[in-house]
Amino acid sequence: MKLVVIGNGMVGFKFCEKLVTADHNQKFQITVFGEESRPAYDRVHLSEYFAGKSAKALSLSDADWYDSNNIELHLGESIRSIDASAKTITSHRGIMTCYDYLVLATGSAAFIPSIPGIEKQGVFIYRTIEDLELITAWAKKSRTAAVIGGGLLGLEAAKAMLDLGINQTHIIEFAPGLMPKQIDDQGSALLQSKLEQLGFVIHTSKNTAEISGDGRITGLRFSDDSVIHVDMLVISAGIKPRDELAKTAGIATGPRRGIVVNEKLQTSDPAIFAIGECALHNGMIYGLAAPGYEMADVLVRNLLHQESASGISQNQEAEFTGFDMSTKLKLIGVDVASFGDPFAAGESVKTIRLQDTVRGVYKRINLSADGKQLIGGILVGDAEQYNMLLQTYKNKLVLPDDPSALILGTRSGPESAEAGLACLPDDALICSCESISKSDICGAVSELGCESVEAIKKCTKAGTGCGGCVPMIKDMMLHTMKANGRYVRNMICEHFACSRQELFDLVKIHSLKTFDEVLDALGKGDGCEICKPVVSSILASLWNEMILKKSNSTAQDSNDRFLANIQKGGTYSVVPRIPGGEITPDKLIVIGQIAKQYNLYTKITGGQRIDMFGAHLNDLPLIWSQLIAAGFESGHAYGKALRTVKSCVGSTWCRFGLHDSVSYAIRIEERYRGLRAPHKIKSAVSGCIRECAEAQSKDFGIIATEKGWNLYVCGNGGSKPQHALLLATDLDSETCIRYIDRFLMFYIRTADPLARTATWLNKMEGGIDYLRNVVVNDSLGMAEIWEKEMQLLVDSYACEWKEAIENPEIRKRFSHFINAPEEKDPTVHFENLRDQKKARDWK
Amino acid sequence: MFESKTITWFRACRDNDLPSNGGACVRFGNEQIALFYFTRRNEWYATQNECPHRKQMALSRGMIGSAGSEPKVACPFHKKTFSLITGECLSGDECSIKTYPVKVDNGYVYIGIENE
Ligand code: SRM
Ligand SMILES: Cc1cc2nc3c(=O)[nH]c(=O)nc-3n(C[C@H](O)[C@H](O)[C@H](O)COP(=O)(O)OP(=O)(O)OC[C@H]3O[C@@H](n4cnc5c(N)ncnc54)[C@H](O)[C@@H]3O)c2cc1C
Ligand code: SF4
Ligand code: FES
Chain A
1 MKLVVIGNGM
11 VGFKFCEKLV
21 TADHNQKFQI
31 TVFGEESRPA
41 YDRVHLSEYF
51 AGKSAKALSL
61 SDADWYDSNN
71 IELHLGESIR
81 SIDASAKTIT
91 SHRGIMTCYD
101 YLVLATGSAA
111 FIPSIPGIEK
121 QGVFIYRTIE
131 DLELITAWAK
141 KSRTAAVIGG
151 GLLGLEAAKA
161 MLDLGINQTH
171 IIEFAPGLMP
181 KQIDDQGSAL
191 LQSKLEQLGF
201 VIHTSKNTAE
211 ISGDGRITGL
221 RFSDDSVIHV
231 DMLVISAGIK
241 PRDELAKTAG
251 IATGPRRGIV
261 VNEKLQTSDP
271 AIFAIGECAL
281 HNGMIYGLAA
291 PGYEMADVLV
301 RNLLHQESAS
311 GISQNQEAEF
321 TGFDMSTKLK
331 LIGVDVASFG
341 DPFAAGESVK
351 TIRLQDTVRG
361 VYKRINLSAD
371 GKQLIGGILV
381 GDAEQYNMLL
391 QTYKNKLVLP
401 DDPSALILGT
411 RSGPESAEAG
421 LACLPDDALI
431 CSCESISKSD
441 ICGAVSELGC
451 ESVEAIKKCT
461 KAGTGCGGCV
471 PMIKDMMLHT
481 MKANGRYVRN
491 MICEHFACSR
501 QELFDLVKIH
511 SLKTFDEVLD
521 ALGKGDGCEI
531 CKPVVSSILA
541 SLWNEMILKK
551 SNSTAQDSND
561 RFLANIQKGG
571 TYSVVPRIPG
581 GEITPDKLIV
591 IGQIAKQYNL
601 YTKITGGQRI
611 DMFGAHLNDL
621 PLIWSQLIAA
631 GFESGHAYGK
641 ALRTVKSCVG
651 STWCRFGLHD
661 SVSYAIRIEE
671 RYRGLRAPHK
681 IKSAVSGCIR
691 ECAEAQSKDF
701 GIIATEKGWN
711 LYVCGNGGSK
721 PQHALLLATD
731 LDSETCIRYI
741 DRFLMFYIRT
751 ADPLARTATW
761 LNKMEGGIDY
771 LRNVVVNDSL
781 GMAEIWEKEM
791 QLLVDSYACE
801 WKEAIENPEI
811 RKRFSHFINA
821 PEEKDPTVHF
831 ENLRDQKKAR
841 DWK
Chain B
1 MFESKTITWF
11 RACRDNDLPS
21 NGGACVRFGN
31 EQIALFYFTR
41 RNEWYATQNE
51 CPHRKQMALS
61 RGMIGSAGSE
71 PKVACPFHKK
81 TFSLITGECL
91 SGDECSIKTY
101 PVKVDNGYVY
111 IGIENE
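Which chain is which? The protein sequence lines are A and B, in order. Going by our numbering, the residue at position 422 of the first sequence is 422; the numbering climbs one at a time, nothing skipped. Going by our numbering, the residue at position 100 of the second sequence is 100; the numbering climbs one at a time, nothing skipped.
FYI, nobody ran anything at the bench for these hints, they're computed from the structure. Computed from a predicted model, the values in this text were never measured in an experiment. Among these hints, one or two may not hold up.
[Said to hold, decoys possible] Computed cross-link-like contacts, SDA-like style, restricted to lysine to any residue with a CA-CA straight-line distance of at most 20 Å:
1. K103(B) with E114(B)
2. K458(A) with E114(B)
3. K508(A) with C498(A)
4. K461(A) with K103(B)
5. K838(A) with K79(B)
6. K838(A) with A405(A)
7. K824(A) with I566(A)
8. K458(A) with K79(B)
9. K53(A) with L90(B)
10. K79(B) with K508(A)
[What the hints assert, rightly or not] Part of the chain B face toward chain A, derived, beta carbon under 10 Å:
11. N30
12. Q32
13. S60
14. L90
Think of the CB as a built atom: it goes at the ideal place given N, C-alpha and C, for glycine as much as any other residue.
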């Protein structure tokens, strides 16, 4: 049977992939025509191209995939006509091909509104890699841009403008609010304010009347006569199914475009099918990848069923009955999701809304009148519950008595999530991109022994599309393992079947000193990039020996291995410690001189010190020799270790200062410098409650009071900021330090790898009250031991850079070529920026 | 049809130049090759030094280890891992790296370059 596919886009490709896998007897001889010059690529992740992903990485298959599956692929070949009676098609080059079955997967094109001036230079659409190349080239000479369309695609295009370094981007939406198809007014108002915080200028209820400029765009004029000036415009105002080919062939199309199909994806001509964004099913065009994939799947099954000679087919007939259009926006910085019927209202619907203006969160869920079923909802600002809500809605799970719990407290945590997973029916779709169900995932875990997310990805493809379901896959995997009676240990990796805390205790009991000793005694295999840094950190926290000694160097995370942070392009940064942020003019001069001598980019960091970027590996020991000679020490900016203790100026100068916060910050920083932990630790000391040092965002923060110091713990900046909680009040300086000793040793001993103190506390049963009991009331009876242990670490501190430059064996490692030690990496290149240099962008 | 390939062995360094269980970068003309001494297994491997993910000359500075029995290297930049035997990306990406044969003879390490 000769099968021809027109369109080599996402759905056309998926169709071929599914057909060749299922067509065991090779009944179909497949020919594909694609108009674009490259084989099918991932349009969903198109925007990552701006963030550096290459066209090659976006490709959906290897170059030889079509060949090795006997698919004849014609690229750059546009089909111009179909002769349905003769069953032939003709391309623009005049090539005629006959078919038994024809599949139209022609997708859609960007909808271009008819605005005068639309043909001007600098006006773009956003659909193909070529479009992206044009946009990228033009953006280089542009400072401002506008995007017409405030829907999913428009916002994605706007984000791309940000990635391209455009200073100001206007988003223009015809409707009164952003994402009008997905979220309600309240949601879009919040979304708008969030996007404004990111620097976008948003115009709603705006109708563009004209694109001004002489041959090349200079601005937009709206119907209310207001104007904006922009250097470029991206139109992202919707899609237009490509049905022109079908239409001229006399195949039925919808009044507002789209090729009409039935449940079997058949068009008005029984030998011709349509799938993906060009297909109009039940009055709907599905502008997402997942429904298109589902159509591809249905069609493959039906074709194989039809072609199985005796009718005894393993391939059941299938029907496409519509698809859920729930979506989550992939913009960074702003969570937005909507599912089911987000707008449901009226008498038969109950709505729960949650608006938290402090955190900037809006959530809405719509319930059936009896409150037992979820009909739909909207999440803006925090979409963490999206996957679970979507599953609850799709699988019609009965809701708890108090449904508001579904969108309230995210911290209530793991138990309820587990219970939720257990309730899901087996056919619940977990990964809708690849249509992988709960039973597929559980099967991979139970029958195929997949016990890591990576393994599940490899064997089921789940999570390889948009990736949004990965957290759920992980939970599902752990849940299944538990249900199977597999003792789910909090394992570090395949080499160590124990938790970090267990390993910490074992290493200590057995007095193990090197990675190899630990692996031989307590693990198996050869180690990996996960367990090596964990073990190295434990060894450092326990024994505080120079980390690069005793062949331990290659077990260090690569930043630790070179005692510097690796950067774009392969150079390193140099961050000397500047305790409390206090520095003398002489030391400032030394930093300036060194930066000049080695041509380093200098910047004041967010941690009150100075970072010198762009040092060649070979130069690091030379730079550090000079710094150390001038009295500097390593700042451990590369280590999971104490970073900075920020200070405010305090009582020495400030009219409000209660105590000398700078002296105390320096004392604290010098006490804990070099201390290695499961993750980095940061601190700050403020001289009064005005809190200029931001102590309440630190792992431990100290604020002066009339009577002493208040100690706060477990704060975090980063992507999930969290305020520190008050541990103890009005402490004298000595007691405060003793409490910090205990707190830090408790954290170092018990936290999971790469858990900051905030995450550690969030998982701790009993929370801050328990922690206070341990630290202040010594409920575990460990206080004295921990204080002693900490004192040992403090006493054994030595600057590791000093040791590194003095030890020829270690120093030798700081060269790029082992066979040409004097030569620097010739592939390192810099560009100029504001009288300094910057790393060259990666491709 | 026969394809005949000859391998030219190029002397990279002494066998004790490399850190144990780690790598180093070798210059070969204008090329950069990452050489690894997997001391635990007493095995030597060589691959291209450039990580295909963001085209960074960095694999020689990566951490080596194993996944099951497969020896691998993790790029220091984003921790993508590659098999040291086949060069295949083990983190689910499409990219792969070139690998080279290695032999040790009389205290010297040689990397095999295939002649076209
Ligand atoms: C240099 C600096 C930015 C700057 O120019 O100001 C910086 C640079 C980096 N930060 Fe940071 N962070 C810097 C202050 C901060 C701060 C602000 C602060 O410390 O007051 C924060 C938020 C506070 C906090 O940590 O709670 C911060 C939160 C992060 C995070 C998120 C941590 C989290 O818990 O979520 C990461 C990622 C990580 O560590 O896993 C990170 C990671 C990084 C890394 C190490 C990324 C990397 O792995 O390469 C950057 C290294 C650049 C380089 O090549 O040297 N950086 N980073 C700041 C150095 C401060 C210093 O003197 O040591
Ligand atoms: C920037 C962007 C972001 C997106 N984000 C998401 C997302 O997050 N999630 C999601 O689910 N979806 C997203 N989408 C939508 C998703 O990409 C589409 O739903 C999907 O690509 C549809 O696949 P398709 O094969 O039907 O159409 P396409 O991928 O458009 O493929 C159709 C192909 O057919 C070719 N063709 C058309 N006519 C002819 C002809 N006559 N002869 C030969 N070839 C022809 C076209 O050139 C094209 O290559 C996004 C789209 C864009 C543009
Ligand atoms: S926020 Fe930190 S990690 Fe992110 S780019 Fe800035 S310096 Fe790098
Ligand atoms: S550059 Fe190697 S993993 Fe990204």
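Each hint, compared with the structure:
no., hint, in the structure
1, K103(B) with E114(B), "holds (14 Å)"
2, K458(A) with E114(B), "violated (32 Å)"
3, K508(A) with C498(A), "holds (15 Å)"
4, K461(A) with K103(B), "violated (38 Å)"
5, K838(A) with K79(B), "violated (23 Å)"
6, K838(A) with A405(A), "violated (49 Å)"
7, K824(A) with I566(A), "holds (15 Å)"
8, K458(A) with K79(B), "holds (17 Å)"
9, K53(A) with L90(B), "holds (18 Å)"
10, K79(B) with K508(A), "violated (29 Å)"
11, N30, "holds (8 Å)"
12, Q32, "holds (7 Å)"
13, S60, "holds (8 Å)"
14, L90, "holds (8 Å)"
The structure fails hints 2, 4, 5, 6 and 10 (numbered hints given earlier, in ascending order).
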